[in-house]
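Participant: Residues per chain are reported as follows:
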Amino acid sequence: MRSRLVILFLLGLALAAPLVIYPVFLAKVLCFALFACAFNLLLGFAGLLSFGHAVFLGTGGYVTGWLMINSGLTPEIAIIAGTIAGGLLGAVFGKLAVKREGIYFAMVTLALAQLVFFLYLQAPFTGGEDGLQGVPRGKVFGLIDLADNQTMYYFVLAIFLAGFWLIHRTVHSPFGQIMKAIRENESRATSLGYDVNQYKWIAFIISAAMSALAGSTKTLVFELASLTDVHWHMSGEVILMTLVGGVGTIIGPLVGAGVVVSMQNYLSGGELGNYLNIIMGAVFVICVLSFRSGIVGQFNKFRRNNF
Amino acid sequence: MATFLGINFFALFGQLLIGLINGSFYALLSLGLAIIFGLLRIINFAQGAMYMLGAFVALLGFKYMGMNYWVALLVVPIIVGLIGILIQRFLIRPIVNEDHLYSLLLTFGLALMIQGIFTHWFGSSGQSYPVPEALKGGMRLPFMYLPNYRAWIIVVSVLVCFSTWWMIEKTKLGVYLRAGTENPQLLQAFGINVPLIVTLTFGFGVGLAGFAGVMAAPVYSVSPDMGSNILIIVFAIVVIGGMGSIGGAILTGLGMGIVEGLTKYFYPEASATVIFLVMVIVLMIKPSGLFGKNA
Amino acid sequence: MQFQKKALSTFVTGIVVATMAATVASTASATTDGKVKIGVLADMGGTYADLCGPGCVTATRMAIEDFGGKALGKDIELISADSQLKPDIASSVARKWVENEGVDVIGGLVSSAVTGAVTQVTNSSKNITLITGSGSNAFTSSACSPYIAHWTYNVVALANGTVKPMVSEGKNKWFFITADYVFGHALEAASMKIIEANGGETVGTVRAPLGTTDFSSYVLQAQASGANVVALANAGNDTVNALSAAAEFGLTDYMDIAGLLVFTPNAQAMDPDTAQGMRLTTGFYWDMDEQTRAWSARFEALHGAIPSMSHAGAYSATMHYLKAVEAVGTDDSDAVMKQMKLTKPDDFFARNATLRADGRMEHDMLLVEIKKASERKSKNDIYNIVEVIPGNKAYNPMLPSCAF
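Protein chains in written order, with full-length UniProt numbering: chain S, 1 to 307; chain Z, 1 to 295; chain E, 1 to 404.
Any given hint could turn out to be false.
No more than 20 angstroms apart at the CA atoms, straight line, and that leaves these computed lysine to aspartate or glutamate pairs for EDC-like [stated by the list, open to error]:
hint	chain 1	residue 1	chain 2	residue 2
1	Z	Lys-286	S	Asp-148
2	Z	Lys-63	E	Asp-271
3	E	Lys-126	S	Asp-195
4	E	Lys-96	S	Asp-148
5	E	Lys-171	E	Glu-369
6	Z	Lys-136	E	Asp-214
7	Z	Lys-136	E	Asp-253
8	E	Lys-171	E	Glu-196
9	S	Lys-180	Z	Asp-99
10	E	Lys-393	E	Glu-99
11	Z	Lys-136	E	Asp-273
12	S	Lys-180	S	Glu-76
13	S	Lys-99	Z	Asp-99
14	E	Lys-96	E	Glu-77
15	E	Lys-35	E	Asp-346
16	Z	Lys-136	E	Asp-271
Don't read these hints as lab results, they were simulated from the structure.
Please model the complete structure; the sequences and the hints are all you need to start from.
Facilitator: Here's what the structure looks like:
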């Protein structure tokens, strides 16, 4: 019951926030939070470190952006299409990658993502270095105009909650239990008769689709899809968000995304813009050396020890 | 022009040679990665940053201390190697018993930091480093004009790569190294200081990247992101070659350079993707890589 | 029931907490707030940093100071940010500036991909952009807008200035090494059009990504093409690197290299032995006359290097904008832009200039030749001015659909 109250409190906060804080910033935080949650599904609950997740974020963005510019579809359809595209790409990559484990898995996903990065760099439908510019936000169901930033924010909030709920359900389903079993002891899960690779593959697809959902939404918010979202730096950023927030916790990625995006927002544009990568790198190193359970993980430990 | 069946052989050989030059750098870098991976079981994401560091140390040494190229070729790898040793000793060793993914992330963070620091100091645009006087000019081959320095790159990289391979596969030191990979406890029991070997190996692998950086400085412009661009390609090469194999890393590095050169002639649009395509195909047919043992 | 009540109150508390924070935090918005705020978005550390980076901020600050520092009775504010040459970063900074930080006008702007993304934002928010670093002619054609003022140069002027005379001299087979983004494509297209119109042909093109450091394989492709001119449709360090690769592989011995867009810092960075005699088109040269030398000396004292044409353009555009603001007595974009187009820009940079209805600032361009090392009196002494090209001959004609 206490956790429900916390959730309700957060929800109230989320509803009122755009009155105070610049809504586009908030929408960005939510997009990245969803991306990090999707990533965490794979790392935290299946134990697979993907170093190529940006490719799904970017694919969702490009598909949605292209459809909004060229097809006249309404945004919700374009977002769904982007999500499906990400899921399909995830199915292909997942099939190739889940054969390998640990570091091999990380490198295979990274290289696959880089393959797609170069394809997008040259493919005509992505606009190459220019990106897809001037993506219209459109009207949801042909009725609700998203041009206003606050309306846009509430739309993003709704998508985030839907995605978050889906990930939450997946983790707490029997499927999620098996995932955790595989993470803890893979050979045992195999001996119990589970087709381990099949489970990993499905988790990969869900994670890819949710990442694409985040990318699709982000494209609408910024009216732009670009190579930055496909670049391996972005894959690194989502790892950082998850790590800072707490790997394997439900709320952790959300907190991590908030921290990292705020940091970027604060540093870029200011005199400190140059330090962004240095600080991000330092946070990475510190997290790995002495803060491996992340903010939420530490908080949970603290609560367990003191209450 | 020498054309046959619609193929312009002059242009083709030219591209192949350029490919071999790029391949020399791939080989040096993937060799360093393979050595480190062989003993420590970690992927050094900072290998690209160390390559960049090598080029920058050479450039700064030249600018502020008048250090010439030949001195740089000897001194810079040692400096970079020492930095690597410090990193291994104080950052990687404390988490050596954690999941190896953490050391991947640690080196990734280090790479970001090092690149960020150099971008902050020097901006992200490139700076030029002069070709040493003795290697200026070039040879007019039947099919192309080959600058001497580029020829030098191929010769030296191949020499360095194969002497390293020989040292690891054929000498007593190499035996220790390989034994350390197989069974560190046993080696320790024989009275060999395994942690020291691990640290020195890391330094050597990183030093190779620094060496490649000095080699690259006169041909590619020296810039903070020079390492991160090449690193991902080298990762793909390591996956193609098979992670455990030293010889595999060298051969695949050179081979992929040639494949890239071929693509540049026949279908230039795919030249950036071809290595990754090869990787996908290899993964489908032989997931452990061309020269890898089944993991 | 009990739970629902508690839940409701928690929910409300969340809202109340957030709203209370509202009173603490302050947000600024609304463009016509009577306070002029200029944002300079440029490449602070990348491939184009020397062309329009910190220097564009310096030049803009000079204009504000020369104007007296105040407009509409209030201090003029200046902020700047690094676009990192990435459209998405530029777009989100521009959005934050105009929607949340009360920025009236955005200047600087180098790389057409970045400028395209920024103008998407500013056109719909009705904020003026002063484009001083990028060169695509789209901003006054396919992507034209009543809120754009395109200063300094564009690709049509470069092609008219540099390519046309070369083709007329009989250099008729061209190969392009092109920067692979909107600017490179536009420059290539504009040049090809002129080559064809004057009886030459394009025998091949190759696209190199922005920030390429090793041009050797592109140079070999050029070598095999049978062209007699290799055109570098790129800019900044890309041009310098491409030229040095061409020299390294002996291309310069038997082919002409045409640097289609060369800024002064890049011309200084080129090896004089390779670059000497190369002709190029520029919107400004510091050593043209007393006026340009006087301003350039002030700029050099602040910036540490002679001004590129974008730096001079940034000063000129900012000054023209501020004069218009003062004349109409408001920072309302429509009124200011109307006034900017009514009055002719006239300063050390803008010679025989007008700001056309489509937003193109038309002014005299210079055809210059890179000096031999032996002729140079100092490291800044790099060009001989060959010809002054009148603005109406250099630039593209105005499209009726863009005459705002």
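Participant: Please go over all the hints and tell whether each is borne out by the structure.
Facilitator: Here is what the structure says about each hint:
no.	hint	verdict
1	Z:Lys-286 x S:Asp-148	53 angstroms, violated
2	Z:Lys-63 x E:Asp-271	18 angstroms, holds
3	E:Lys-126 x S:Asp-195	58 angstroms, violated
4	E:Lys-96 x S:Asp-148	14 angstroms, holds
5	E:Lys-171 x E:Glu-369	17 angstroms, holds
6	Z:Lys-136 x E:Asp-214	17 angstroms, holds
7	Z:Lys-136 x E:Asp-253	16 angstroms, holds
8	E:Lys-171 x E:Glu-196	12 angstroms, holds
9	S:Lys-180 x Z:Asp-99	17 angstroms, holds
10	E:Lys-393 x E:Glu-99	39 angstroms, violated
11	Z:Lys-136 x E:Asp-273	15 angstroms, holds
12	S:Lys-180 x S:Glu-76	33 angstroms, violated
13	S:Lys-99 x Z:Asp-99	19 angstroms, holds
14	E:Lys-96 x E:Glu-77	16 angstroms, holds
15	E:Lys-35 x E:Asp-346	25 angstroms, violated
16	Z:Lys-136 x E:Asp-271	15 angstroms, holds
Of the hints listed earlier, those the structure fails to meet are numbers 1, 3, 10, 12, 15, in rising order.
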